[in-house]
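*Asks:* Listed below are the residues making up each chain.
2 protein chains.
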Amino acid sequence: MQQSKKIGKQTYNIEQGVSIIGYGAVVGKKEGNGPLGKKFDFVIDDGYFGEKTWEKAETKMQKEAILYAVSKARKSLSDIDIILSGDLLNQCIGSNYAVRDLGIPFLGLYGACSTMAESMVIGSMLIDGNYANNIVCGTSSHFCSSERQFRSPLEYGGQRPFSAQLTATASGMVVLAKSDDKPYITQVTIGKVIDKGVKDILNMGAAMAPGAVDTMLTHFEDTDTSPSSYDLIITGDLGKTGYQIVMDLMGKSGYKLSNYKDCGMMLYDLIKQDAHSGASGCGCSASVMCGHIIPEIKSQKINRVLFIGTGALMSPTSVQQGESIPTIAHAVVISNER
Amino acid sequence: MQQSKKIGKQTYNIEQGVSIIGYGAVVGKKEGNGPLGKKFDFVIDDGYFGEKTWEKAETKMQKEAILYAVSKARKSLSDIDIILSGDLLNQCIGSNYAVRDLGIPFLGLYGACSTMAESMVIGSMLIDGNYANNIVCGTSSHFCSSERQFRSPLEYGGQRPFSAQLTATASGMVVLAKSDDKPYITQVTIGKVIDKGVKDILNMGAAMAPGAVDTMLTHFEDTDTSPSSYDLIITGDLGKTGYQIVMDLMGKSGYKLSNYKDCGMMLYDLIKQDAHSGASGCGCSASVMCGHIIPEIKSQKINRVLFIGTGALMSPTSVQQGESIPTIAHAVVISNER
Chain R
1 MQQSKKIGKQ
11 TYNIEQGVSI
21 IGYGAVVGKK
31 EGNGPLGKKF
41 DFVIDDGYFG
51 EKTWEKAETK
61 MQKEAILYAV
71 SKARKSLSDI
81 DIILSGDLLN
91 QCIGSNYAVR
101 DLGIPFLGLY
111 GACSTMAESM
121 VIGSMLIDGN
131 YANNIVCGTS
141 SHFCSSERQF
151 RSPLEYGGQR
161 PFSAQLTATA
171 SGMVVLAKSD
181 DKPYITQVTI
191 GKVIDKGVKD
201 ILNMGAAMAP
211 GAVDTMLTHF
221 EDTDTSPSSY
231 DLIITGDLGK
241 TGYQIVMDLM
251 GKSGYKLSNY
261 KDCGMMLYDL
271 IKQDAHSGAS
281 GCGCSASVMC
291 GHIIPEIKSQ
301 KINRVLFIGT
311 GALMSPTSVQ
321 QGESIPTIAH
331 AVVISNER
Chain B
1 MQQSKKIGKQ
11 TYNIEQGVSI
21 IGYGAVVGKK
31 EGNGPLGKKF
41 DFVIDDGYFG
51 EKTWEKAETK
61 MQKEAILYAV
71 SKARKSLSDI
81 DIILSGDLLN
91 QCIGSNYAVR
101 DLGIPFLGLY
111 GACSTMAESM
121 VIGSMLIDGN
131 YANNIVCGTS
141 SHFCSSERQF
151 RSPLEYGGQR
161 PFSAQLTATA
171 SGMVVLAKSD
181 DKPYITQVTI
191 GKVIDKGVKD
201 ILNMGAAMAP
211 GAVDTMLTHF
221 EDTDTSPSSY
231 DLIITGDLGK
241 TGYQIVMDLM
251 GKSGYKLSNY
261 KDCGMMLYDL
271 IKQDAHSGAS
281 GCGCSASVMC
291 GHIIPEIKSQ
301 KINRVLFIGT
311 GALMSPTSVQ
321 QGESIPTIAH
331 AVVISNER
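So the protein lines, in turn, are chains R and B. Be aware that the first sequence starts at 1, since it is given in this note's numbering, and climbs by one per residue. Be aware that the second sequence starts at 1, since it is given in this note's numbering, and climbs by one per residue.
Just chain R, with the same shape it has in the complex (with noise of 0.2 Å):
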């Protein structure tokens, strides 16, 4: 029997290094409006993408996103052994019916805007574990299609509080596979359900920052890092106000973080384009991610990145009842050394 990849108590080695070959971004025109509107790979026109409803745009987006990483990697369809997504909207249509016509194996993630961390997190075990050359991992999120499901129709255009973010129009996918390519994934820690007892569906970024503060200790504790160890760290989608919490958090916890950012804070200017607290949603993290920060450890500018996906696992549902929002964050390693 093997030595478990288990260190600490979340955490695990990956040991061979996994190496993202291949990342596509697909955005809506404000997230192409926005400060790194330059760097996505295609920008729609507007949310409809050719579709007749947001959820089959969002469906597209997706697919788009799969077909520019897989040609990126230099691969073909045929090679990718797996596919792992999933989104927002109910039942996960927007992945189901993304890989419909691929013919790629497929399994099915809920982690809501952790996705892109979850997916990357079982994706690189599997490839680690000698079970597939090359899997496929993503999310999307399309902001009309959020607010439908999640929120009032669009035409009522409620007001939101400074604490309420926009779910972004995006989607991202990598390629991981078994190659010397750099950058790799070398540890992923997997979080736990965190629950502090928020119920404003309108500042999720509240909600969510214990959730983050939680898997970044347990991380730093599991591996015996600390936040100078990395040249970045970067969440998924707490927004300025949730960014705020976790440093004030980190802070009473005796860690001062000078190289933290949030995928949120990121997509849009904030001021400029009216975004409150930022950007939410699975395609957050997933477009900043496949976009920005993936080509950014590639070419160098920064080597060492600790990327932790943050998700909030409420329903209208959940909400309309009475519950808290429970909330969850998984973090991944990404850098240029095994």
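If you are wondering where the hints come from, they were derived from the structure by calculation, not from laboratory data. Here the structure is a predicted model, which means the values were calculated and not measured. All residues carry an ideal CB built from backbone N, CA and C; glycine is no exception. Please note that the accuracy of each hint is not assured.
Here's a subset of chain B near chain R, in silico, CB distances under 7 Å, partners left out [what the hints assert, rightly or not]:
#, residue
1, G8
2, K29
3, T53
4, S78
5, Y131
6, M247
7, G251
Following the hints, complete the assembly by docking chain B onto the known chain R.
*Replies:* Just chain B now, with coordinates in the frame of chain R:
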């Protein structure tokens, strides 16, 4: 670099012998009154299970099933490395809230009614890959929470055609572990999304049967086995209608199945309990496997089973938008021989 564990197109060898060391099933009253009623760990009195809503009852059933499985495995919750689960409810709240207080790392899945098989596929790979020693895998469904979400208010009392199935009120959970105890998971086959254009959500058996057949045929080809290699081939929740279609389609492929059953036809007495085509829902195969089939293998009444979990991946929104029903089926070989 070690050799790939993939055989053929979609199948993987679980080499080290991953044991099913615990299993728990909690079911509703109707399921308790069915032919397998005495085999479950616990039968709840009414749809609420002491909770205020059906969704909370489903969450509680899932939590109780986890506790039964872990207890029968003679483990404590702190021994569990990872929980893999999901369910049919929007945003998988049955699972997210069930694990909230357990403090165990969690990876959420969405595979609709294939979730029991999907969780066993991923769980056995992660254990065989030396990532974890003990993983809990499972799912749930609830007749009332599903009706509310997918169909009409219960009070409406609409007539159903005979092709329709009843969503099982049930949860099933297994504990997978590295152990020498029988039975073992020895091979898994990951399904592709198959959509033959069926749009009738009151005939899910017809929608899912081609997916089950695709995975069954691929499994036989990948592993160089045939139906007679197994004491039992069992699908998740095709019901009487889907069962007949599988028999027909397999017949056309040259296989006469004499050892084939469907969990959806076993949970209720189809006539006496007015169950039409049978049971469906994630909890159907989960409870039949955990309450009946796995114990039958453990007691060596049967020794080698091909379990094919079947799932329909549409949502009410995709159906309203005129889409057909994409389906998936994952296969798990459970055997007393490694």
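*Asks:* Work down the list of hints and note, for each, if the structure agrees.
*Replies:* Taking the hints in turn, this is what the structure says about them:
1. Interface restraint check for G8(B): the shortest CB-CB distance to chain R comes to about 11 Å, outside 7 Å, so the restraint is violated.
2. This hint is violated: K29(B) has a C-beta 22 Å from the nearest C-beta of chain R, more than the 7 Å allowed.
3. The interface hint given for T53(B) holds, since its Cβ lies 5 Å from the closest Cβ of chain R, which is under the 7 Å cut-off.
4. A distance limit of 7 Å between C-beta atoms decides the matter here; for S78(B) the minimum to chain R is near 10 Å, and the interface restraint is violated.
5. Because the beta carbon of Y131(B) sits about 5 Å from the nearest beta carbon in chain R, less than 7 Å, this interface hint is met.
6. Interface hint status for M247(B): violated, as the beta-carbon distance to the closest one in chain R is roughly 25 Å, over 7 Å.
7. With its C-beta approaching chain R no nearer than about 24 Å, G251(B) sits outside the 7 Å limit, and its interface hint is violated.
The structure shown violates the earlier hints numbered 1, 2, 4, 6, 7.
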